[in-house]
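**Student:** Sequence:
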Amino acid sequence: QTRSLLGVFEEDAAAISNYINQLFQAMHRIYDAQNELSAATHLTSKLLKEYEKQRFPLGGDDEVMTSTLQQFAKVIDELSSCHAVLSTQLADAMMFPITQFKERDLKEILTLKEVFQIASNDHDAAITRYSRLSKRKENEKIKAEVTEDVYTSRKKQHQTMMHYFCALNTLQYKKKISLLEPLLGYMQAQISFFKMGSENLTEQLEEFLTNIGTSVQNVRREMDCEVENMQQTIEDLEVASDPLYLPDPDPTKFPAHRNLTRKAGYLNARNKTGLVSSSWERQFYFTQGGNLMSQARGDVAGGLVMDIDNCSVMAVDCEDRRYCFQITSFDGKKSSILQAESKKDYEEWICTINNISKQIYLSENPEEIAARVNQSALEAVTPSPSFQQRHESLRPAVQSRPPAARTSSTGSLGSDSAALSALSLDSLVAPDTPIQFDIISPVSEDLPGQAKSSGQSGRRTNPFGESGGSKPETEDSILHQLFIVRFLGSMEVRCDESPDVVYETMRQILAARAIHNVFRMTESHLLVTCDCLKLIDPQTQVTRLRFPLPNVVLYATHQENKRLFGFVLRTSGGRVDSHQTSICYIFESNNEGEKICDSVGLAKQIALHAELDRKASEKQKEIERVKEKQQKELNKQKQIEKDLEEQSRLIAASSRSNQSSTEGQFVVLSSSQSEDSDLGEDGKKKRESEA
7 QTRSLLGVFE EDAAAISNYI NQLFQAMHRI YDAQNELSAA THLTSKLLKE YEKQRFPLGG
67 DDEVMTSTLQ QFAKVIDELS SCHAVLSTQL ADAMMFPITQ FKERDLKEIL TLKEVFQIAS
127 NDHDAAITRY SRLSKRKENE KIKAEVTEDV YTSRKKQHQT MMHYFCALNT LQYKKKISLL
187 EPLLGYMQAQ ISFFKMGSEN LTEQLEEFLT NIGTSVQNVR REMDCEVENM QQTIEDLEVA
247 SDPLYLPDPD PTKFPAHRNL TRKAGYLNAR NKTGLVSSSW ERQFYFTQGG NLMSQARGDV
307 AGGLVMDIDN CSVMAVDCED RRYCFQITSF DGKKSSILQA ESKKDYEEWI CTINNISKQI
367 YLSENPEEIA ARVNQSALEA VTPSPSFQQR HESLRPAVQS RPPAARTSST GSLGSDSAAL
427 SALSLDSLVA PDTPIQFDII SPVSEDLPGQ AKSSGQSGRR TNPFGESGGS KPETEDSILH
487 QLFIVRFLGS MEVRCDESPD VVYETMRQIL AARAIHNVFR MTESHLLVTC DCLKLIDPQT
547 QVTRLRFPLP NVVLYATHQE NKRLFGFVLR TSGGRVDSHQ TSICYIFESN NEGEKICDSV
607 GLAKQIALHA ELDRKASEKQ KEIERVKEKQ QKELNKQKQI EKDLEEQSRL IAASSRSNQS
667 STEGQFVVLS SSQSEDSDLG EDGKKKRESE A
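Numbering (my numbering), first residue to last: 7 to 697.
Just to be clear, a hint being listed does not mean it is correct.
Here are the simulated lysine to aspartate or glutamate pairs, DMTMM-like style, with alpha carbons at most 20 Å apart [stated by the list, open to error]:
#	residue 1	residue 2
1	621	537
2	340	287
3	113	16
4	601	337
5	610	502
Rather than coming from a laboratory, the hints here were simulated on the basis of the structure.
Given the sequences, and given the hints that come with them, work out the whole structure.
**Tutor:** And the structure:
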């Protein structure tokens with residue numbers, strides 16, 4: 007019965023311990039929350055006091071708001087003090103009793119339970135040893151020890167059991183006390199807190215709070231009215247800006263402004279990361295006077311990209327991207343490739359930079375002057391964008407030429423040709439000469455009545471680039487140099503003896519491109535060999551144009567912008583005239599104009615030496631052929647004499663053999679006759695048959 011009753015008490019003690027632990031955690035959360043509330047309230051009061059020290063960019067000095075927040079900070083500071091007092095009271099009146107019961111009384115029950123279990127085990131072991139005492143050989147000493155052990159263990163068990171049972175009985179009372187004392191302390195602390203709050207919240211504070219509430223409602227009504235106005239503005243802007251959402255709007259509805267002298271917007275800039283690799287970075291670009299500036303996102307101010315006074319700008323093909331253009335400084339040492347978002351921005355950037363390069367922005371009314379300059383330049387230069395129109399203009403008295411005059415734009419290339427007189431310029435380039443911007447060469451057309459070259463007659467080009475067993479024409483060439491170039495244009499010239507004709511052609515072609523917004527350029531590979539110059543498509547490796555090297559009579563690079571170079575090609579006349587014509591082709595390279603001209607000069611020198619060597623070799627072969635022919639004649643004469651001697655020897659030998667055969671016949675006949683006489687008739691017949 008004792009053991010059974012003890013089990014009931016132990017089970018009740020375990021349930022009490024579990025419940026008290028949960029209640030302790032809940033009350034501890036109340037205490038932690040109160041401490042956090044007290045700290046947060048104190049921090050709020052501190053931040054409100056520091057409001058007057060803040061410097062808001064759009065706030066300004068608002069004394070009303072500052073004084074209001076200061077009053078709020080004072081009230082909240084008082085509330086923070088009340089919360090701090092409440093936290094102290096909760097710690098003393100609520101947390102202390104339940105913590106004492108949990109840490110002291112419940113742990114005491116667990117300790118007494120363990121001690122009672124040990125004493126019971128010791129008593130059982132002593133009784134077991136006492137029961138094993140032998141009745142035959144009784145040893146008084148062992149019996150006394152075992153008896154003493156039983157006595158001690160039984161006494162210890164009894165005393166421990168009484169203390170343990172007493173603690174279990176006392177626990178029932180302590181349970182009630184540990185539950186009621188913390189709750190009582192909690193309620194008393196809250197009542198004290200509310201009393202302090204009611205003392206602080208006076209009628210004056212209530213009036214202050216009422217006024218603040220009215221001000222908040224007024225501010226809310228103003229905000230709702232402003233939000234409604236902004237929503238209406240947003241709807242109107244959405245309707246008006248709907249076409250602008252397209253990255254590339256219709257140029258007919260939104261035409262480009264070509265008379266701008268200032269421009270700003272986002273562009274993609276190409277940055278080379280290796281020999282053949284590059285990356286694009288989007289930045290904000292803007293013009294500032296004669297400078298092009300860029301500003302990355304997050305930067306305070308922009309940085310200088312390039313001085314665009316007297317610069318050159320033109321459209322380029324770059325990595326299969328649209329709307330790319332290249333800006334090159336006046337000295338050609340610095341260039342940037344940029345990409346616009348739309349065709350409108352693309353054209354406006356090119357026109358704006360071109361206007362700035364002419365230093366129009368320095369005048370009082372730059373846009374009006376830019377419009378007048380562009381209009382005059384438009385009337386001065388009228389290029390022909392296709393070869394067919396150019397070819398028709400070359401026919402005499404067949405179709406009237408459109409009236410045009412040579413331009414003298416201030417955006418020229420800055421070469422020495424700008425100092426030439428009008429008469430000397432007209433002697434270089436005709437004033438009404440059309441300009442060709444696409445890669446179509448008259449030398450590549452087969453004129454009617456013109457015989458094909460012997461090396462090309464009857465041959466078909468293999469579309470796969472295979473030669474069908476024959477070697478390419480440039481395979482045996484000593485010189486093979488490849489350059490990346492971009493075709494700018496070509497036009498017929500009158501003179502092919504002075505480099506000034508190349509400079510003047512460059513000026514007119516670039517001026518025409520800028521005025522007529524011909525921005526696109528075709529990139530090609532220029533192959534320089536000892537036989538010809540070839541323009542090769544970099545993608546398909548197909549030869550676009552071929553210029554025979556002997557026909558290249560003049561080549562030069564620009565004196566200041568070393569990226570520009572050109573050469574004059576002398577060709578046969580058109581379909582009607584048979585006289586020779588000279589056409590000047592202008593290209594742009596990657597700072598390799600002088601290298602290309604040096605390479606062409608080297609190729610012509612090599613070709614000249616090769617031609618001299620070929621003529622000397624042909625002359626030597628002719629001499630060897632004459633010597634060989636004389637030697638053959640001499641050998642033939644010797645052979646004839648040898649044949650005559652052989653014939654004379656044969657005749658002499660034949661005559662001697664005839665004489666000896668005659669004498670032999672006589673001897674044989676005489677001997678046969680003597681034998682016949684000896685053989686008789688039968689022998690004669692037999693000899694006759696053998697004969």
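**Student:** Now tell me if each hint is right for this structure.
**Tutor:** Results of checking the hints against the structure:
Distance hint between residue 621 and residue 537 is fulfilled; the C-alpha atoms sit about 16 Å from each other, no more than 20 Å. For the hint linking residue 340 to residue 287, the alpha-carbon distance of about 18 Å falls within 20 Å, and the restraint holds. Restraint check: the Cα-Cα separation between residue 113 and residue 16 comes to about 13 Å, which is no more than 20 Å; the hinted pair holds. With a CA separation close to 17 Å, the supplied pair residue 601 and residue 337 stays within the 20 Å bound.
Restraint check for residue 610 and residue 502: the C-alpha separation of about 17 Å stays at or below 20 Å, so the hint holds.
The structure shown violates none of the earlier numbered hints.
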